[in-house]
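Residue 282 is where the sequence shown ends in our numbering, and the numbering goes up by one at each step.
Since the hints were made in silico from the structure, they are not lab data. Remember, predicted model here, so these are calculated numbers, not experimental data. Cβ coordinates follow ideal geometry from the N, Cα and C atoms, glycine included. Some clues are possibly wrong.
Cβ-Cβ distance ranges computed for the label pairs, FRET-style [what the hints assert, rightly or not]:
| no. | residue 1 | residue 2 | range |
| --- | --- | --- | --- |
| 1 | Arg126 | Pro231 | 22 to 32 Å |
| 2 | Pro231 | Glu45 | 38 to 48 Å |
| 3 | Leu277 | Pro207 | 14 to 24 Å |
| 4 | Arg129 | Ile176 | 32 to 42 Å |
| 5 | Arg218 | His121 | 30 to 40 Å |
| 6 | Trp113 | Glu45 | 50 to 60 Å |
| 7 | Tyr239 | Gln82 | 34 to 44 Å |
| 8 | Val276 | Pro36 | 17 to 27 Å |
| 9 | Pro192 | Arg133 | 41 to 51 Å |
| 10 | Ser102 | Tyr239 | 26 to 36 Å |
| 11 | Ala278 | Trp113 | 37 to 47 Å |
| 12 | Val232 | Arg256 | 34 to 44 Å |
| 13 | Val232 | Leu277 | 24 to 34 Å |
| 14 | His121 | Arg267 | 37 to 47 Å |
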Amino acid sequence: MPTIAYLGPEHTFSHLVARKRFPDGPLLPCVSIAEVVAFAQAEEDHLGLVPIENSSGGMILETVDLLLDEAQPLFIQEELSLHVRLALIGRSGEQPRIVYSHWAPLGHCRHWIERRFPRAELRVAGSTSEAARLSAKTPGAAALATREAAAAAGLAVLHYPVEEGIVNLTQFVLLGRSKPAPGGRETSLVFSLPQEPGSLCSFLEAFRAEGINLKRIVSRPVPGQPNTYVFFASLEGSDQEGPMERALRKAEGRASRCRSLGSYPVLAPYES
Numbered sequence: 011m012p013t014i015a016y017l018g019p020e021h022t023f024s025h026l027v028a029r030k031r032f033p034d035g036p037l038l039p040c041v042s043i044a045e046v047v048a049f050a051q052a053e054e055d056h057l058g059l060v061p062i063e064n065s066s067g068g069m070i071l072e073t074v075d076l077l078l079d080e081a082q083p084l085f086i087q088e089e090l091s092l093h094v095r096l097a098l099i100g101r102s103g104e105q106p107r108i109v110y111s112h113w114a115p116l117g118h119c120r121h122w123i124e125r126r127f128p129r130a131e132l133r134v135a136g137s138t139s140e141a142a143r144l145s146a147k148t149p150g151a152a153a154l155a156t157r158e159a160a161a162a163a164g165l166a167v168l169h170y171p172v173e174e175g176i177v178n179l180t181q182f183v184l185l186g187r188s189k190p191a192p193g194g195r196e197t198s199l200v201f202s203l204p205q206e207p208g209s210l211c212s213f214l215e216a217f218r219a220e221g222i223n224l225k226r227i228v229s230r231p232v233p234g235q236p237n238t239y240v241f242f243a244s245l246e247g248s249d250q251e252g253p254m255e256r257a258l259r260k261a262e263g264r265a266s267r268c269r270s271l272g273s274y275p276v277l278a279p280y281e282s
């Protein structure tokens, strides 16, 4: 059984996804996404689970930048996702003057907090679990976190779920050194393009011509090379299928560099 590293500490949403996907597996909390990626790179039987996109907060750029790094050539083994349902946790009967959380939950719930606690100060914590711990030792403070974090910190669940009417989906990728087995539903690429007009359009046209849907694309600057970018993209389809095989051959011929992160399964969303 491989060891699965995840962005800790315990009782975060990353921990929740790791437990749901690997209920019997050894789980290792890490302090940063970079530490998770380094662990996954270290040994063949290591895996790393990291968030890549949140429907409210957007792409997790630290994850994208690490996937672009040639020094850590990992493959995506699976894409997982979680319908995030946040809890407001704190002391019963106390009006929150401070609300702690990770930046993504604070952004998702900002208007909800402003309507109910207009004078509350929003403070960013490194994780929802850290937010719970800070709330537990700060008078007048509450946190947006998991219900498990409330129990661990000795706090009450004041409101659950917060902002139920707005879908809050966080997507994760499971990383490892091995190429995923055939049969995936999605393919991710890292590529750079010639500095000429229409190069991105020409690259993507190879996939459009084969009827392949572009799920996401993000550009990132190349350090030390002004106005030069590298791209991360995910497309629907497997590189074992004819349309994707043909599209990849055409696209690779139009790129300065193109590396596949694998074709991998996309699991049904988990509920929090």
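Cross-check of the supplied hints:
1. For Arg126 and Pro231, the Cβ-Cβ distance of about 40 Å falls outside the hinted range of 22 to 32 Å, so the restraint is violated.
2. At about 24 Å, the beta-carbon gap between Pro231 and Glu45 misses the expected band of 38 to 48 Å.
3. The given range of 14 to 24 Å is broken by Leu277 and Pro207, whose C-beta atoms sit roughly 40 Å from each other.
4. One distance hint, 32 to 42 Å for the beta-carbon pair Arg129 and Ile176, is violated here, with the actual separation near 23 Å.
5. For Arg218 and His121, the hinted distance range of 30 to 40 Å is satisfied, since their beta carbons lie about 37 Å from each other.
6. In this structure the supplied range 50 to 60 Å is violated for Trp113 paired with Glu45, their Cβ-Cβ distance being about 19 Å.
7. For the pair Tyr239 and Gln82, the beta carbons lie near 19 Å from each other, so the given range of 34 to 44 Å is not met.
8. For Val276 and Pro36, the hinted distance range of 17 to 27 Å is satisfied, since their beta carbons lie about 25 Å from each other.
9. In this structure the hint that Pro192 and Arg133 lie 41 to 51 Å apart at CB holds, the actual value being about 47 Å.
10. Look at Ser102 against Tyr239: about 51 Å separates their beta carbons, and that is not inside 26 to 36 Å.
11. The given range of 37 to 47 Å is broken by Ala278 and Trp113, whose C-beta atoms sit roughly 27 Å from each other.
12. In this structure, Val232 and Arg256 break the distance hint of 34 to 44 Å, their C-beta atoms being roughly 29 Å apart.
13. The hint said 24 to 34 Å for the Cβ distance between Val232 and Leu277, and at roughly 33 Å that hint holds.
14. A C-beta distance of roughly 42 Å is found between His121 and Arg267, which places it inside the suggested range of 37 to 47 Å.
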